[in-house]
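Q: Chain by chain, the residues:
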Amino acid sequence: GAGVSQSPSNKVTEKGKDVELRCDPISGHTALYWYRQSLGQGLEFLIYFQGNSAPDKSGLPSDRFSAERTGGSVSTLTIQRTQQEDSAVYLCASSKPRPEQFFGPGTRLTVL
Amino acid sequence: DQQVKQNSPSLSVQEGRISILNCDYTNSMFDYFLWYKKYPAEGPTFLISISSIKDKNEDGRFTVFLNKSAKHLSLHIVPSQPGDSAVYFCAASNRGGGSEKLVFGKGTKLTVNP
Numbered sequence: 001g002a003g004v005s006q007s008p009s010n011k012v013t014e015k016g017k018d019v020e021l022r023c024d025p026i027s028g029h030t031a032l033y034w035y036r037q038s039l040g041q042g043l044e045f046l047i048y049f050q051g052n053s054a055p056d057k058s059g060l061p062s063d064r065f066s067a068e069r070t071g072g073s074v075s076t077l078t079i080q081r082t083q084q085e086d087s088a089v090y091l092c093a094s095s096k097p098r099p100e101q102f103f104g105p106g107t108r109l110t111v112l
Numbered sequence: 113d114q115q116v117k118q119n120s121p122s123l124s125v126q127e128g129r130i131s132i133l134n135c136d137y138t139n140s141m142f143d144y145f146l147w148y149k150k151y152p153a154e155g156p157t158f159l160i161s162i163s164s165i166k167d168k169n170e171d172g173r174f175t176v177f178l179n180k181s182a183k184h185l186s187l188h189i190v191p192s193q194p195g196d197s198a199v200y201f202c203a204a205s206n207r208g209g210g211s212e213k214l215v216f217g218k219g220t221k222l223t224v225n226p
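Sequences listed follow chains A and B, in order. For the first sequence, the positions run 1 to 112 when the numbering used here is used. For the second sequence, the positions run 113 to 226 when the numbering used here is used.
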């Protein structure tokens, strides 16, 4: 069966540019999460969508980061005016109403 | 302030022996714990989990032990196989508090030598 997919797999951008990262969750999963992993670090929670509830944005590091989930399915994470410290692997995960989350392969973002 | 800590960045074991990966946490509100395995250039893969109402959960070669009083959990892999070589992440959540977000440790790189 299809897992979580993310695009692009790699993104290189210049400092100051905006980027959009896309996530397609597993069909039927009601919850969607974004995390990022910086070099040598664990995964850091960014934002969480559950059904029609207001998203939990408590992990977004600054107001340059935003995310939306359209139609309860696909999600886009947008980073405005990218900075070099935004370079990381951005991981999306989805789940049923269960604690086990299933991750996509990630988008490696490099900000030059 | 790291709420989930994996103090060993790496571990090397011989094939067929037991691998023990450790994880400590500081937040007493955590009530669900998970282990993920990650290969290079792939997303983490769910391995095994345990609720705080239990102290042990077993799935094939993988067993997770939880010691709530010590705020410590461990993952045992026996027997270890070369294909188990990966980075292992411990994660925790406060489900009882209505939060499904996972708090991760920094990972332990396991190498199983043939």
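Treat the hints as calculated values from the structure; they're not laboratory data. Keep in mind that the hints are not guaranteed to be accurate.
Said to hold, decoys possible - Heads up, simulated SDA-like pairs for lysine to any residue below, C-alpha to C-alpha not over 25 Å straight-line: (1) K213(B) to P99(A); (2) K57(A) to G172(B); (3) K218(B) to L39(A); (4) K96(A) to K221(B); (5) K168(B) to G210(B); (6) K218(B) to R69(A); (7) K221(B) to P152(B); (8) K221(B) to S9(A); (9) K213(B) to R22(A).
Said to hold, decoys possible - Among the chain A residues that face chain B by a calculated CB cut under 7 Å, a handful are: (10) L39; (11) G42; (12) Y48; (13) G51; (14) P55; (15) P61; (16) F65; (17) P99; (18) E100; (19) F103; (20) T110; (21) V111.
For glycine and all other residues, C-beta sits at the position ideal for the given N, C-alpha and C.
Q: Hints first: check each against the structure and report whether it holds.
A: Quick rundown of the hints versus the structure:
1. K213(B) to P99(A): holds, 9 Å
2. K57(A) to G172(B): Given pair K57(A), G172(B) is violated - Cα atoms ~37 Å apart, limit 25 Å.
3. K218(B) to L39(A): Answer holds: K218(B) to L39(A) is near 10 Å, not above 25 Å.
4. K96(A) to K221(B): Violated, because 29 Å separates the two Cα atoms, which is more than 25 Å.
5. K168(B) to G210(B): holds, 24 Å
6. K218(B) to R69(A): violated, 28 Å
7. K221(B) to P152(B): Since the Cα atoms of K221(B) and P152(B) sit roughly 11 Å apart, the hinted pair holds (cutoff 25 Å).
8. K221(B) to S9(A): holds, 23 Å
9. K213(B) to R22(A): holds, 19 Å
10. L39: violated, 11 Å
11. G42: holds, 4 Å
12. Y48: At 5 Å from the nearest chain B Cβ, Y48(A) passes the 7 Å test, so the hint holds.
13. G51: It is violated, given that the least Cβ distance between G51(A) and chain B is near 12 Å, above 7 Å.
14. P55: With Cβ-Cβ at 11 Å, over 7 Å, it is violated.
15. P61: violated, 14 Å
16. F65: Where the cut-off is 7 Å and the nearest Cβ of chain B is about 15 Å from F65(A), the hint is violated.
17. P99: holds, 5 Å
18. E100: holds, 5 Å
19. F103: holds, 3 Å
20. T110: violated, 14 Å
21. V111: violated, 19 Å
Hints 2, 4, 6, 10, 13, 14, 15, 16, 20 and 21 from the list above are not met by this structure, while the remaining hints are.
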